[in-house]
Amino acid sequence: MPETKPVLMQGNEACAEGAISAGVRFYAGYPITPSTEVAERMAVKLPDIGGVFIQMEDEIASMAAVIGASIGGMRTLTATSGPGFSLKQENIGYAIMAEIPCVIVNVQRMGPSTGVPTAPSQGDVMQARWGTHGDHPVIVFSPASVYETYYLTVAAVNLSQKLRQPIILLLDEVIGHMREKVTIPKDSKLMVEKASDKVPADWKPYDDKGLTPLVPFGFGHYYHVTGLFHDQYGFPTGDPQQVERSLDRIHEKLKKYRDEVVLTNYIGHKEPRVVIVTYGCTVRSARAVVKKAYWNNRQPVGLLSLQTLWPFPDKEVQEIAKKADVVIVPEMNMGQIIGEVERQVKGEAEVIPLNRYDGEMISPEQISDIMGRWLS
Amino acid sequence: MGNRQEILLTGAGGQGLILASIILAHAAVNDNKNVVQTQSYGPEARGGASMAGVIIDIDTIEYPKVVNPTVLLCMNQASFNKYLPKIKRVGECIVIVDSTFVSGPFREEYKVQNYPITKVAKEKVGKEVVANMLALGVVNAAAGLVDPDIFRESIFEMAPKGSGEINQKAFDMGYFLYEQGSGQDIDQSAQNPQ
Amino acid sequence: MAIIEQLTQDFLRTKKLPHIWCPGCGNGIVTAALVRAIERADYDQRDVVIVSGIGCSSRAAGYLNFNTLHTTHGRALAFATGLKMARPELKLFVIMGDGDCSAIGGNHFIHSARRNIDLNAIVVNNHIYGMTGGQHSPLTPIGKKATTAPRGTLEREFNLLELARGAGATFGARGNAAQPRQLEQLITRGAKHKGFSIVEALSPCPIAYGRRNKLGGPVDMMKDLKENSISTERAAGKEDSELEGKTITGVIFNYEEPEYAAEYYHSIGKEIPVKSSG
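Protein chains in written order, with the working numbering: chain A, 1 to 376; chain B, 1 to 194; chain C, 1 to 278.
This is chain A alone, in the form it adopts within the complex (with noise of 0.2 Å):
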């Protein structure tokens, strides 16, 4: 892929960019720190690509008019950041239950309530995972990097598009804040997995036979979309049979295609005694130490970094618990993804937690000290 000069550039930035790359076209939004600068980037950009900006009177209209855009047949994309993830949490259950594309970045603030707007934080770890009420699937990616904010929102966007399914962004306000060197593809066009345009004669919104494309509206399809549980053709139904098979259905899809949501990276020692399991900011302090205590020092340690938080990387960390006798969870709230953690190793190895929750991120020395305890 051919790539233009390196350039400064901040996280949310990014995310702004990877969308536009992405062929995101829509983005209605509400302003809210740390997440603004996402929609200060779109608001200039969008309008001199033929894009729609729209500031919509609150977080919960903003939710809606994505989705409204997005069966108009817009890719489309919303920022927010702790309460207004919140209040956008109804919208994007009917989202995932009429299945419709969108993804939603929510830069984490310390919470809850207003907590501190400014301080970072990986409090909504969960919240990504359960916000909405009912059984639902969801998607949730975290970078650790201003490239991989880019990176992730641009895979976000299209893998949204195949499954028809919204995609949460989990950023941290310093991934969202920090300007670092990226070097950004230099076509953003063959960023975009364009999705067939042909609609094939005998098309369901919701076929039994799995995921099919979604039409816009405007076509001559007519078809129904509703957040009532619905048949093939999206009218509403009360049938327990229908009702329990359009769960599977959105449940399904992730399963089907679990390799390509499921994202991580490990980097350490082949036969680890000791594995860090983090993600968002913390990878950065993680890695800075494994770095240290494996490339310079050999010493039997490894970072399994997850890009991917939900669904979870359950085969990743049963894989790491193998090998490992102790698996170190950092996280900047006070204890939630290690709970995912704990299931998946299934006392098979120590699980340590190492919480912090003051507005500040885990320092590397932090992160040494107790990988150094288990060590030695």
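These aren't lab readings, by the way, just hints derived from the structure by calculation. Using N, Cα and C, we set each Cβ at its ideal position, and we do this for glycine too. Among these hints, one or two may not hold up.
Here are some, though not all, of the chain C residues that point toward chain A, as calculated from beta-carbon distances under 10 Å [claimed, not checked]:
| id | residue |
| --- | --- |
| 1 | D47 |
| 2 | L64 |
| 3 | R75 |
| 4 | A80 |
Put chains B and C on the given structure of chain A with help from the hints.
Showing chains B and C alone in chain A's frame:
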């Protein structure tokens, strides 16, 4: 840690330190170095204290926050009082203060260099708002962070339209001040370095 | 005008009938008026989208043979705003109930009006939350009873059209289920209007509202609706005392102001595809 430079630019809101940090980071990118820029956000960044960090390295930069400053710029007394004690390697960290606003105390072990940055910006360059670029000139002259020619070009690229030249001039004046040496009061006869 | 049978076949999903509405409900009449208005407006079926919220009247979307979008409670206008901005050439009708539009959806309502975006809002006002069994809404008249106001509500009601006008809507009309021809004309005019239009359709709910407030059966409620209404033409020149207890029907306001979607597309130099109709 050999190549790693951790620069803290501190002062009051409105002195243009955030912009200075972005321009420094931009210049470092143009000089083909790895760089991470962070800043303190929030209500305290409006009018109150302002702080931005830039890390420049040949290697990949993982932890993005400044923990062990190698260069500290203080553009007002409050930031001098607050950030000087954060220096871990006393004597090795380059400390530059704007003597227009910072009066000390300059304890010997810190090897504080003071220059009348804002005063010179106002009286010699003609615009107080370019004090930030003048400060970057002093910092870069003292620490050799980025190739000076690339730095000058980067300033031109990033400056608002029509202000590229005056900002470059301020940067050059920073070099001139540095060469004159620390602790000099403003030299009424100081010539334009061009 | 096509014959009714043809219209029924084309624009209604007859397989989805019978509808869920109670006997004596006005929702069917309002829905029929909408269908005839779409025919009158001469829109291409594929360009028409029906958006609705949550509530009894919002179920109409499911019975109408167009692209139909049944959204979340109160949010129909926000979904519609996104769709209209993405596809400004489409003709959007947004069906809401009184609680849906003016309580939970109140913010979207005033801001859609403020933007003057070309959406055609049809608010079926039966003064009550019907689907949940009869709770008071912001359009329940003061003093009327509801399950959540067993002694009569102390809250004052909105004047929905004046609220819309104050917020910047450019077309407002009121009709009722007892005078379906007039309602059909008003919806047609609202549809043809460039900008945010609202048609308030007063409609009886004998089950959840009429019974509790001793307003008689369905026939009595229909009769009252008709008798208590007076058209703008007939009301003109009448003294306030003569209009006491009457509801004015017809076009209440009609202004020309820049329409948001058109303004946006113009500002970015992009053409909106022109449709043969409308």
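Here's how the hints hold up against the structure:
1. D47: For D47(C), the interface hint holds, since the closest Cβ of chain A sits about 6 Å away, which is under 10 Å.
2. L64: 9 Å, holds
3. R75: Since the shortest Cβ distance to chain A is 4 Å, the answer is holds.
4. A80: At about 6 Å, which falls below the 10 Å cut-off, the nearest Cβ of chain A leaves the hint on A80(C) intact, so it holds.
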